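Student: If you read the sequences in order, they're chains A and B.
Start counting the first sequence at 1; every next residue gets the next number (full-length UniProt numbering).
Start counting the second sequence at 1; every next residue gets the next number (full-length UniProt numbering).
Rather than coming from a laboratory, the hints here were simulated on the basis of the structure.
Check the hints yourself; a few may be wrong.
[Claimed, not checked] Cβ-to-Cβ under 10 Å is the rule here; a few derived chain B residues that face chain A: (1) P41; (2) F47; (3) G113; (4) P329; (5) A330; (6) L340; (7) G433.
[As the list claims (entries may be wrong)] A few chain A residues that face chain B, going by a derived Cβ cut-off under 10 Å, partial list only: (8) C37; (9) L38; (10) P39; (11) D49; (12) E50; (13) S52; (14) E101.
All values reported here derive from a predicted model rather than from experimental measurement.
From the three backbone atoms N, C-alpha and C, an ideal C-beta is built for every residue, glycine too.
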Amino acid sequence: MSAEVSPGVDAPGAAGAAARGIFPPELLDRCISCGFCLPACPTYALSKDEKSSPRGRITLMRALETGVLEEDDPTLREESSFCLGCRACEPVCPAGVQYGELLEHWRSHQWQGRHRPPLARVLTNVVVRNWLVRRLGTFRGHARTAATSPQGPHLMLGCFERALFPAVSRAARRLRPELDAPGNQGCCGALHAHNGDLELGRTMGRRLGEQLPGTIVTTAGGCAAHLAGVLGRDRVKEFSEYLARDGSASLGELRVDGRRARVALQDSCHLRNGMDVWREPRELIAAVADYVELPGAAQCCGSAGTYSLLRPKDSRRVLAPKLDQIEAAGVDYVVAVNPGCQRQLVTGLRRRRSRVRVLHLTELLAAAQDGGLPRRRLRLGARPGRRAEVPADEPAGLTAHLNDRPLPDDPGAAGAGRPDALDGSAGPDEVHRS
Amino acid sequence: MALDPGVLAELESIVGREHVRHEQGEVAPYARDATPLFSSPPDAVVFPARTAEVAAVLRLATSHRVPVVPRGAGSNLCAATVPLQGGILLVLTRMDRVLEISPAELLVRAEPGATTATVAEAAAAKGLLFAPDPGSRTVSTVGGNVATCAGGLRGLKYGVTRNYVLGLEVVLPTGEVIRTGGRLWKDVAGYDLTRLLTGSEGTLGVITEVTLALLPMPATASTGVAYFSSLADAGRAVTQVLAHGVVPATLEFLDRTCIGAVEDYARLGLRTDAGALLLFGDDGEPDAVERNLTRMGELCADEGALEVTVAKEVAESEALLAARRCSLPALSRLNTLTVLEDVTVPRPRLAEMVDRIEAVAARHELLIGTFGHAGDGNLHPTAVVDVRDPAAAERTHAAFAEIFAAALELDGTITGEHGVGAAKLPYLRDRLGDDQMALTKRIKAAFDPAGILNPGKTGS
Ligand SMILES: Cc1cc2nc3c(=O)[nH]c(=O)nc-3n(C[C@H](O)[C@H](O)[C@H](O)COP(=O)(O)OP(=O)(O)OC[C@H]3O[C@@H](n4cnc5c(N)ncnc54)[C@H](O)[C@@H]3O)c2cc1C
Ligand code: SF4
Ligand code: SF4
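Looking at chain A on its own, in the form it has when it is part of the complex (with noise of 0.2 Å):
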């Protein structure tokens, strides 16, 4: 203990300090800065500068909220978006860090207005509309049930999901046919909470909590997390926390060439570090498959919401050892249980022309339910010996061009993944035939 406090106290609200009323002050004040986050930050890993890390993230967060640093620092700017948001500093903080939180409020004020990435702006408009999140399933057709039954359980079936993966709710629903779908209902606002809309996201949770009263199940572990915030962790069950509920009773198996199917998890982050679920999908891959468990599996893919869009280079490196690990794991499929993570593996696997398939947990759990998987085998004129495959977890339609979207200054992007990309004739890194 000091004889006398410095006189750069940048503790908001401490003896002297301004406060901007930016942060929650219990949320800002909670930080000790013991560092005991930064293991366990992929951006400090990347960086190793403390700018980078969660604490210094915090260190910012007051320095904006005390008048330290102007609202336009070029630091905030950038640090606000560099960070994925994967809350993997808040599991490992002994103080209980709602770093989340923190991060909302502080894109929602650093990305106001022109400061908005104008990619993150037409995302979240996209979505905000119900009519044409309605539209992106039809696509592909993902689950609906005609009635609401007033009591729930109600299947979400999540904006990007319906429609990048439509047959994620197809598949839960299979499994628990108990689950009602209303096709008419809206988006969660995760999406808005994350970039920059706390509000905005609030206001969609509650409007879809009222949509679907009872309990919501979600297939996309970054809505639920974002919807228990909302509306309370007991109203919110994850799909695999609602299934192991009730055992692994008669899940069937898996089986590929004659063996029980060797199957990886990639842990959605906000799931895993939010809500705290993670035993539950690894206990219903064990059961219907032999289990490996990657040893990045809780770090995060990459994916992050809209990061793999707005920062594709930066998701990039995150995703690669990850891919490395997934490769040298020898296994069959690698489970999602998050859109996004999907997306981002299926995309940095096809780019490396990986035998390993993504599915999610639902889609994995229905093969096993159904006895196989079924396959939708291309052949592409491909190299002797290579078999090109494209599988039903192929995104569709519009939103085929979100992850195949080419990025000015990401050439690797541009048409990698796509079924035509798989023409053994030319490299995917200059390949863009849509």
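Starting from the known structure of chain A, fit chain B with the ligands onto it as the hints suggest.
Tutor: Frame of chain A; chain B with the ligands shown alone:
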């Protein structure tokens, strides 16, 4: 005080542009370490990759009289890395390689920025133990550990960092590179500069390589717990344990406030009616561990323990240790400003010191929980107050000043393992006396004639 543009350009040419930060937002996160209430940004943050770069930076700094503060992970609890006078913050985390593990010589050589956990894991992979285990081991660097002479939970049986430093490579503030000690377990040639530099808190030189002693990995470890109605009873049990020739690897205590806080937070099923909780543990060959644990359990019972449990398996042992690990998290959640101290007294006076702390807390109307290393007499009185209440912060200052004075009265010290830094510099004279303070300053001047290295800390 901004850095001269010429100096900045030279820094960039030494380590490369991308390894220098100087924009206001970039340096702001380096204004503080794990110490509350201290904050002051550097003018530039520099990340060297090699000893030669460190030397060049220091030569430059000495010739331009620019302050340099070395930093590892910034996990220290005494404001030792807060750049009070601005200048250059020299961050050593890029130098993070484990260079060599020699099982035949029982030693490891590493760069200073390797984390304690990385070094310990590298040693464990060869069946060897790096004994110092500060609570911050996953974050803290070995350079920082040496510079603070970090302790940990195993101090009683295994000692602290100083007992494991065989040799150092150090860059002096004037730019010379020296190597003290080495790979030898015996070496009395010259003054023991290795020891002088250990715990020097970045005020005498910058450590660029460490050679640390390892031990064979103990076969097994186990833990027990005993509840007492008062800390005085627990203190007597500690005395009895040691008097019977048992030197446990772990001997940790929690006071009543901590037990309550931990139980509220983690629901471990602790006895909240107890006045003290004593964790005891040992490691080594299984039969010896079992014998020692049984013996310690009996001695606790003889001293009036309310209840004694000895773990039957590793998982149970881990669960018991969780109580100790949760102490700081549990206390810190009670309010928004957590001030953790580490006064140390001779072992037999532990209970007396805890009584004194309780009296001080009551007098200043503060919530202070105390836990710590009973075997070392090292206490961690932890005050939790509202950061937005300036009066409470003032009372905390006053209370800790009294706690330091009380520790000195009991022949103790103001800090057992966290260090002096800027936070306890005002109390250092009380501990060392005028003559030692003067000698300290002369030593500092001999190493650092320009006074550029970590000014405002020990020796300044
Ligand atoms: C939750 C928590 C628990 C802790 N538990 C313990 C514990 O059990 N025991 C214990 O002893 N401490 C403990 N600490 C304190 C702290 O972790 C230790 O002091 C640790 O050794 C600091 O290492 P660091 O790498 O973070 O050093 P820093 O904090 O970066 O620096 C500490 C000091 O070392 C100097 N320094 C760092 N690197 C070098 C170098 N290469 N050359 C020269 N000087 C250098 C700095 O200038 C500074 O004076 C704890 C801290 C926290 C937050
Ligand atoms: S672990 Fe928690 S309290 Fe510690 S620095 Fe990180 S966010 Fe702050
Ligand atoms: S959310 Fe993830 S990337 Fe962001 S600070 Fe936390 S651990 Fe780091």
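Student: Taking the hints in turn, state whether each one holds.
Tutor: Do the hints match the structure? See the list:
1. Of the supplied interface hints, the one on P41 (chain B) holds, with its beta-carbon coming within about 8 Å of a beta-carbon of chain A, less than 10 Å.
2. With its C-beta approaching chain A no nearer than about 7 Å, F47 (chain B) sits inside the 10 Å limit, and its interface hint holds.
3. A distance limit of 10 Å between C-beta atoms decides the matter here; for G113 (chain B) the minimum to chain A is near 9 Å, and the interface restraint holds.
4. Residue-level restraint check for P329 (chain B) holds (minimum Cβ-Cβ distance to chain A is 4 Å; threshold 10 Å).
5. For A330 (chain B), the interface hint holds, since its Cβ comes within 10 Å of a Cβ in chain A; the closest pair sits about 9 Å apart.
6. About 9 Å separates the beta-carbon of L340 (chain B) from the nearest beta-carbon of chain A, less than 10 Å, and the hint is met.
7. Because the smallest distance between the Cβ of G433 (chain B) and any Cβ of chain A comes to about 19 Å, over 10 Å, the interface hint for this residue is violated.
8. Interface hint at C37 (chain A): satisfied, since its Cβ lies 9 Å from the closest Cβ of chain B, which is below the 10 Å cut-off.
9. Of the supplied interface hints, the one on L38 (chain A) holds, with its beta-carbon coming within about 5 Å of a beta-carbon of chain B, less than 10 Å.
10. The criterion of a C-beta within 10 Å of any C-beta in chain B is met by P39 (chain A), whose closest approach is roughly 5 Å, and the hint holds.
11. Taken as an interface hint, D49 (chain A) checks out: its beta carbon lies about 7 Å from the nearest beta carbon of chain B, inside 10 Å.
12. Below 10 Å, beta-carbon pairs count as interface contacts, and E50 (chain A) has one with chain B at about 4 Å; its hint therefore holds.
13. With a least beta-carbon distance of about 9 Å to chain B, the hint placing S52 (chain A) at the interface is held under the 10 Å criterion.
14. The interface hint given for E101 (chain A) is violated, since its Cβ lies 16 Å from the closest Cβ of chain B, which is over the 10 Å cut-off.
Checked against the numbered hints above, the structure breaks hints 7, 14 and satisfies the rest.
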